[in-house]
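> Okay, here's what each chain looks like letter by letter:
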Amino acid sequence: MSKRRRASDESRRNFLKGAGLVGAAGAAAAVTPPVTANAFPAASQQKLKAAVPGPRQIAAETMAPGADPVNQKTSGGDFMTDVLNSLGIEYMAINCASSYRGLHESIVNHGNNKPEIITCVHEDIAVHMAQGYAKIEGKPMAMACHGVVGLQHATMAMYNAWCDRVPVLVIGGNIMEADKRAPGAEWVHAGVDIGQIVREFTKWDDQPASLQHFAESAARAYKVATTPPMGPVFLALDAELQENPIPDPESLRIPKFSPVVPPQADSGAITAAAKMLVEAQNPVIVCDRLARTPSGMANLVALAETLQCAVIDNAGRMNFPSRHPLNQSFRRGIIAQADVILAIEMNDLWGTLTHFSDRIVRRSRPSTKPGAKIVTLGVRDLYLKANYQDFGRWQDVDLAIAGDGEASLPALTEAAKRLIDDGRKSAFADRGARLAKTHLAMVEQSKTDATIGWDSSPITTARMCAEVYDQIKDEDWSVVGTAIRLSWMHRLWDFKKPYQWNGGSGGAGVGYNLPASIGAALANKKHGRFTLAFGGDGDFMFNPGAVWTAAHHQIPILYIVHNNRAYHQEYMYLTAMAARLGRGVDKMDIGTTIKDPNIDYATVARGLGAHGEGPITDPKDLAPALKRAIAAVKAGGPAVVDVVTDPR
Amino acid sequence: MTKFKRIAVAALAVAILGVGVAAAQDAPQGNAPNGKRIYLADGCFTCHGRSGQGGAYNGPAPILAHTALPFDAFKSQLRNPSDDMPAYSGTVLSDQDIADIYAFVTGLPGKGSAKDIAILNN
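One line per chain: the protein sequences are W and D, in this order. Heads up: take any position in the first sequence, counting from 1, add 45, and you land on our numbering. Heads up: take any position in the second sequence, counting from 1, add 209, and you land on our numbering.
Okay, chain D solo, but in the shape it has when bound (with noise of 0.2 Å):
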């Protein structure tokens, strides 16, 4: 088994136990389910990809996956966000959505070996 398979089976067991991950000590409790059903529903993969793999608004959107981003500062984008991301007030996203949507992102893989993929190195 590759790396990157190895990643994505560990990721998806963690979203099927519904298992909470905090990239950071003092992060919330989240709760991983929770957190995909308002990414998906509230809009969040729209710009970031399903995968938290990143895509495109007015300008490039950040990868999400495993991301390293503390979550006071994921938070602090939510609510106060730089460039052109719109701004989740409380009245749409509450504190423990934004942490079950924290846990989500940081359970995504990250990124894997693109040497491991032929198709990615023609």
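Bound-form chain W, shown alone (with noise of 0.2 Å):
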């Protein structure tokens, strides 16, 4: 990072009054030029300059410079400090930079460290880390970055937040003056308007030009990002707003915020949705970032148990207990049964109900059977922008209801249970009873297919999981990470508490897992939870340098490397397109795999400050790798975790 060249001590304020009077000047050239040489460069002052100078002219030019102060009593820093702390922000993530060094200061010694910083040493861990901590934690923790080269670096995790629909509040350096700015760095890390780079992907932005600006831009970019549908949120924040004294003390106001309660659905349409369930032979629950609180998942269960219906989590949230008789995750098949569909806070519908094939010639159909009727209930649509395509293809519906899903379900719940009769009540029983056989049913195959290549090297998937769950079980655990289509943990664990999940990555941007798991972990540490998550080796080198950030904040977390030594879904497709041409399947690790060398992950997490284990390729040895890792992880720090394992 640069080094920035000592700012003037003159306020900001002073400086445009001083340039405010050469303005004045050079409307008229007879006025005599403005005493304050230091308010504008030598040539513009030349310019002014009448024929023959006048006394005040002389006297500009021959006096010694004014005072030239090297200390100051506060700092725009300190009152942002206290704005931010109002908020309730209780960390902010950071890779530090000269661009906030103001703020940076303020921080540590105005704030006492409070919000904590967590030194990331990449920008893309810090907002990462910051989107597994609010979904654990339910509100938004902060990250600051330079303004641009620092920014540019935080893009792919804010894409990811923004996909998944998180609330990050990121803040980025910038000297907004030309004429403040140093030569050199403070040039290239500039910008007019630095909110152009992330603007396509978060909810709002501001450039705040004066401390009360910043307050009430602060306060109004928390209260959008955690509206729902929630998204990460940018402010750029001047230096020299920082890190000059504050002119007017007396003048600031820490804004009094007020969090915007959820907005319900219309009660006609709340009722009306209710009928079609309750009057519908097959109803179908499917649900994706539903759960935000709490209380989410407490009210969806009320609702299925209610109908006693199928429940089809895609699992962007803690939606519905794994072990649920109602949940029919596994049995996708389901939704070809049904009349009614409720959809709630779906982030990809067209994909839920559809079959789609990727062939040389892409078709798709419906998974739902003719006449299906069609209900969402969400806010997904209520914000959404043009360039990038997350909001996925276009549905056909029957009825959308607007409004936030978990606010919404307690009303649903109740209209519904204000239309069932008795004669429904035995009929629903009856479905709850069917539905939990095949439940059941489901949960004794997964075990049974888990037996396939059980003492097989590399080690398989599903011993791997179960072997973890065999020693976290009676824990207060909560996973927050996986791979890539890694199901065995909903397959066999019994995920039944708020914060026992925490969804993905939202922009299938790699480099989120490692990041954001530690993050959860970071939410979870307060809580006294066991935090562990699964993570793909492709992934873990993206970001390996959290882990630091983890040993160094003392953030205990056990990651377990899915290490499948490759970018596999990337050696599938390769697979798939030299079969399709006939040629070279044997030829697709190419490019695809991380191997020769193999990388050992457990020295590349000592050597970062953690505990490591590992390359762990027979399967005897994971049970005591994983309890030498857990006592590691209960003594308060991270601990890695590489196992060799088969593709999927």
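Honestly, the hints are just simulated from the structure, not real lab data. Careful: at least some of the hints might be erroneous.
Pulled from the structure, derived: some chain D residues nowhere near chain W, Cβ distances all over 12 Å [said to hold, decoys possible]: (1) A236; (2) P237; (3) Q238; (4) N240; (5) P242; (6) P279; (7) A282; (8) D304; (9) Q305; (10) I326.
Covered stretches of chain D (chain W as the covering partner; in silico rule of three or more C-beta atoms under 8 Å from a C-beta of chain W) [claimed, not checked]: (11) 245-256; (12) 259-265.
Quick reminder that beta carbons are idealized off the backbone N, C-alpha and C, glycines included.
Reassemble the complex: the two chains are provided individually, in unrelated frames, and hints are given to aid placement.
See the structure below:
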């Protein structure tokens, strides 16, 4: 990071006053130029000179320069720190940078390190940590970066947070006034409108021009970010504003913040939806990013049990207990039998209700039966942007209800209860019993399937997940990350608490899993939960430095590297391409595998200050390694277990 | 010895001895060790797992270990697959290669009893 030249002690407001005088002088050339010689460059001053200098001009040019203060008692950063603390922001993840050194210093000294600084070795780590944290804690943390180069590093993680509808407060330092920038790095690190870098995947951004403006924009940013549909927000902070003395402290006011109560759906629409669901023979609920507080899961369970209907959880959040008898998430064929589908806070409804073929001619057909009615409930479509296509393909629906899913569910449940007579109660109970039976069969089937290749090396993913669960099942566990298409946890484990699952990346941008899991572990730490995560080897290598952050800040987490030594999805895609062309299917490891040499993730972890185990190739060695790693986590730090696995 | 272990040992013996196993009477004679080599080299394992335990590509990839699928259906799925599975033409996979792969996967140990594995019953 650049070392910025010492800024002028002159306050920004004073400078603007001087600039005004210059303008006035330029308009009337005969007027004597201002005496504030350091307010404008010599060249401009020359232009304004009269042919014969007057006495004030001579004095200005010959008198000794004014005092050049070297100390100050307050800074704008102090006030900014107070504002951030007023919003209840617990942490600020940073990769330190000169363009926000004023705020950084204020947080450390004026705020006594509150919000607590979390040191990250890459901005992608900082934002992803904030994303993982927010989903567990239910509120945003902040991250700070250089406004141009750091922000560009942060963009991938911000895009993930955007697609995942997660609030993150991103702050980027900038030097707005050109004549305050030192030569060199400060010019390449500054921009006129740095928010435009991330505007396509943030809900809102601003570049405050005064401290009061900052206070109000910070409160607004927090409010916008945390109002469903949630999302990341960005504030550009002028360095002068952070660093210089507060010119008029008496005029500053910390705004009163009141969170927005999430919008409930229209009561008429709720009644109509309840009628459709109650009258249906085979209603099915599908959901994705539904639960945003601990109440979310309970609300969905209440509706499902009222209707005794199937629930298919796309697992964007901890929406529904994995072993609930009505959970049919691994029996998606049930969608074809549904006569009414209630889709709550779905990200990709069309994809969930459609069979799509990834072949030479890409075709699709509905998975739903003809005449099936589709009801949507959620806020997903209330805030869209044009460029990035994360909104997915258009889905025809019969009733689209705008309203926060979690907030609207109790009313829907009550409306349904009012419509259920005794006859229906009996029919619903029969339906629930049938679903419970199929659920139980699914669980038993999963256990039996898991036996295949039980003692194989590389270790099967089923064995890996079973061994881990055996060791953590009696802890107050929270699993906060996973590798692509690793479903064994949800097939075998008993997920039933609101914090036991944390969803996925959102944008499928690789590099999310390790830092986001550590961010979630940071949130879990104060609750005393045992945090663990699985993650792919490819993802690990995007942001391995996150392990150092976990070690440095003593964030306990058990991180299991699902090491299949490949970007495995791409390996399969490449094989499909070669097979399509009838050539070279035996060469598809080129460019898709991570081997020769194999990466030793345990050694990498130890080098970053964490406990490391592995590489483990024999399944018999897994349990002892996990025991040692869990002991290290319980001692307060991170542990990485490298498990050499079969692909999926 | 548990039933699951007995199956595993039997399958291992098949693999070591290179005995072709055909689940269907009309399946051509296959060479299981060569089938294993092709299965690993040509990417079958990437979706279906080295133990034939199944996995996932764009969607679930079925279990192949000890498959009950008749040879003709197995071959048909390779040549003209349903869903997103890649089609393996004769230029990359001969009929004999398919027979060898079939011999390999049908010889793999199938599902065991979950009851015999304590940690699967948590």
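> Does each hint fit the structure? Answer for all of them.
Each hint, compared with the structure:
no.: 1; hint: A236; verdict: 21 Å, holds
no.: 2; hint: P237; verdict: 21 Å, holds
no.: 3; hint: Q238; verdict: 23 Å, holds
no.: 4; hint: N240; verdict: 17 Å, holds
no.: 5; hint: P242; verdict: 17 Å, holds
no.: 6; hint: P279; verdict: 20 Å, holds
no.: 7; hint: A282; verdict: 19 Å, holds
no.: 8; hint: D304; verdict: 15 Å, holds
no.: 9; hint: Q305; verdict: 16 Å, holds
no.: 10; hint: I326; verdict: 6 Å, violated
no.: 11; hint: 245-256; verdict: holds (count 6)
no.: 12; hint: 259-265; verdict: holds (count 7)
In the structure shown, a violation is registered for the earlier hint numbered 10 alone.
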